[in-house]
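Chains A and B, in that order, give the protein sequences. Using full-length UniProt numbering, the first residue of the first sequence is number 1, and each one after it goes up by one. Using full-length UniProt numbering, the first residue of the second sequence is number 1, and each one after it goes up by one.
Please keep in mind that the hints were generated in silico from the structure rather than gathered at the bench. As the structure is a computational prediction, the values presented were derived from the model and not from experiment. A few of these clues could be false.
Said to hold, decoys possible - Here are the computed lysine-lysine pairs in the BS3-like style, where the Cα-Cα straight-line distance is at most 25 Å:
#1 K465(A) with K513(A)
#2 K34(B) with K156(B)
#3 K337(A) with K324(A)
#4 K35(B) with K443(A)
#5 K193(B) with K332(A)
#6 K337(A) with K193(B)
#7 K435(A) with K383(A)
#8 K59(B) with K337(A)
#9 K461(A) with K337(A)
#10 K332(A) with K140(B)
#11 K193(B) with K156(B)
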Amino acid sequence: MATSDSEDFESADEGHGSPDKKERKKRLSSSNYSDNALETEQKASNTPKKSSNVKNVEEIPKETDGWDDFDIDDNEPAPTPAPAKSNVQNQNKTIEDKPSNVKESKKSQDTGWDDFEDWGEEDTSSNVQKPEPKPVQSKPQPAQSQKPEPNIQEVTDRLAAASTGGGGWGWGWSVDSLLSTATAGISTITSQVSQGISTVLETGIGAPDPEELARRSVKTNETKTDRPAPAQEADKRPETGSEQEASAGDAAFPFGSLLSGVTKFVETTGTKVIHGGLDTLETIGKKTMEVLQDGDPGLAKKRAMLGLGAGDKPVLSQVLREAKAKAEEEDKVREEKREAKEVHYENLFDDFEGLVHLEALEMLSRQVSMRIEERIRSVDVEKRQDIKETLQQVAELCEMPEEDDDDEESPSEDLSKPDAFHERLQTATQDLGLKLQFLPLVKQYTDVLAYLSSPDADSVKSVYKRGVSSLAQGTALSVEQYHKAAEMLLVKTRRSTADEADALTQMTVVLTKHISELATLFTEKLNALPSDNKEQVNTYITNIFLEAGNSSTYIQNAFQLALPILQIGAV
Amino acid sequence: MTSGPYNYSYIFKYIIIGDMGVGKSCLLHQFTDKKFMADCPHTIGVEFGTRIIEVAGQKIKLQIWDTAGQERFRAVTRSYYRGAAGALMVYDITRRSTYNHLSSWLTDTRNLTNPSTVIFLIGNKSDLDGQRDVTYEEAKQFADENGLMFVEASAKTGQNVEEAFLETAKKIYQSIQDGRLDLNAAESGVQHKPASPGRPLAAPPAARDNCAC
C-alpha cells in the first residue's frame, strides 16, 4: 500500500510540473541512469545480489513508474485524489509516530546505499558478480514495499532540518510545481550521493561473498545513519508548524477540495524544500560525484584500488596471471611462426630473387610464344607445317636425357669441388654462345662447403636451416641463369638453335646434379652430428630431400620456360 | 641476403625505364642500399631490387624491376611492363637526347601498363648542375602536360631519390584507398598479402603446366 501511495504521490506532483522542470528532472535522472548501463542490464547485474541489493532493483522501476504515471495523470486526473488522501494519512501517521519514522528513514537510507551499487558497478561488476549465488529474491520483498515512502519522507525531513521554519509564502499553484522539481531533484541527489558513498564503501570490501557483503553494508549503513537520526526527531517541530501554515494556504488554492490532501503535503514539504536550500544540496551532491569520479568514470579505478587494498579476493592477481599465461602462449606461437618462416623454402627462394626471376622469365616466355604463334598464322599452310615440325624438333632436343650415370664428368682430381662445378657448367654451355655469370653459383657452393666443415655446423637445427636456405639459394641462382640466358638469346644476332638447346639441356643436368649434391652434403652432415632425437633428424633429412626435389622442379620448369626462346631462333 | 621480416601487407611492382646511362641502376642502388655505385655495369635485361617501406602505417614491399636501357634490349624489357603499379621514367639532365626520348618511353608505358599505373618522371644527375642541358622548368611543364609526378634527383648524392620512390608508393596506396586500383585485377601490380607465413607470391612454379617432362 505504501508503495502505491508514494507512486501516486509523485505522479500527482508531477502532474503540475512545467515542461522545463520536467526537462531538468530528466537531465538529473539521466545522470543516474543513462550514463550507465541500460536499465535491464542494471537489473541483471543486480539480481545476483543479496537482500539489500534486491531492494534496490525494485527501486529503479519505482522511479521510472513515477514518470510514467505522470503522463497518465495528465490525461485523466480523476483517480488522483484517492491515493492522495491515503498519502496524507500516511504522512500524518509518520509525523505522529516519530520513532517509527526514524526507523523508516534508516531503512530508506539503506536503499539509498544499495541503489548505488548497481549504478557504480555496471561495467566492473559483471565479472565480479558472476560467481555470486543467485539471489533470494522473495526475501527482500516485504521490506521493499515500505521503502519508497520513507525515502521521500526522509529527504524532506532532512531538508526541513536545514530550513528555519515555514516562511510567509504566498501559496499558489507554483508550490507543487516547485515541489515536483524538488522531489525529483532530491531523489536524484540523494541517490547520487548515497550511491557514490556506497560504491566507495563497497569497493572497500572488495568483492566479498554476498552474505558478507550484505552484513557489512547493513552495518556500515547503520553506523552512518545513527548520527542523523536524533537530528531528524528535532526537525519534526518546525514541520508541524509549517503544516499549520499550509492549511491556511488551502483557501487560496482554487482546486483545494479536490487536491487538499495533496497540497497539504505539497506545501509542507515545499516550504522545507525551498528553505532547505535545494541548490546547496544539489551542488553538494554533484560536487561529491565529480570528486569521486574525477578521471575515473564509473569509479572503476577507485574500486579496483580499494579492492586491492582489502586483498581478500584473488580476482586481480588471477586476471594478471591469466593475462601473463596468454601473452606467453602468444609469444610462443609467434616465435614458432617466425621460425617456420625462417626455414620456409618458398620465402627463402623469394628472398634470393628466385621467384621474381622465374616471373620475369615467364613473362618473356609468354611474349615469345605469342610471337611464334603470330608467325605461324602469318605464313602459308605448307610453311606452317614446317614451322611446327621445327618447333617439335627443338622441344625434343630439350628433353632431359635418361639418368645415364656415365662418369664422363669425372674431372681432374686436382680441381676443388667448386672449381670442378664451374668447369662442368662452362663445358656444358660453351656452345651457347653467351657469357653467363656462374660465379655466384660457384661462390655459394664454396660457402656451403666451408660452412659444413666449420665448427658453426654443430647443431642439427642450424644445419637443417642452412640446408634449406642453401637449396633455395642454389635454385634461385640457377633459375636466374635461365632468365639471363633467355634475355641474351633474344638479343643474340646469330642463332644456332640446336647448339643452344643442347647447351641448356646440359646445363640443366649439371644444375640438377648440383642440387642433389647439396642435399647429400647436408643430409650426410645431419647424420654425422650427434643427436639424442633421431626422429627429429630423420624428419629434417626427409625435408631436405623434399626441398631438393622441389628445387629440381623449379630448375626444370625454368628450362621449359626457356624453350620458346630457343624455338623462336629456329623459325 | 635473407632479410628477415615478411610481415608486409602489400607488394608493389615498380619498373624503372629510360635511356641507357641515365642512372637507373644507380638510383635503385641508392634507394635499396643507400650507396652510389660509381661504375655500374650495363644491365642485362632486367635486374631486381627490393625494399620494405611504410606508407600510412602499412608495410609495403617494393619489388623494383630495373630494366636495361640499351636499345637492343628494348623488345625484351617491353615484356616486363605488365603489372607495374609504378613506373619511374628517368632521363639525364646533362644529356638532352635522353630527355627527347621521353615521349617514346611514355608511349611504351601507357601502352604496356594499366591506366592506374603511377608514372614518376625523374631528372637524374641533379648534382651535375653545371653541365645541365635540360632546364627544370621545361621538364616540369612536360610532366604537368602529361600528368606525371616529377622531381630532379641525384643518385650520387641521394637527393630526392627516397622522395621519388616513396611518393610513388603513396600515390599507389592512395589509389587503392580510393578504389581506383583494383587489387583483384591481375595487372594491378599490387599484391595484397596478409602478413602470414607461406608462399608470398603466386602458386608454386607458375609454369608447372608448361612442364613437358
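Contradicted hints - numbers only: Of the numbered hints, 7, 10, 11 do not hold.
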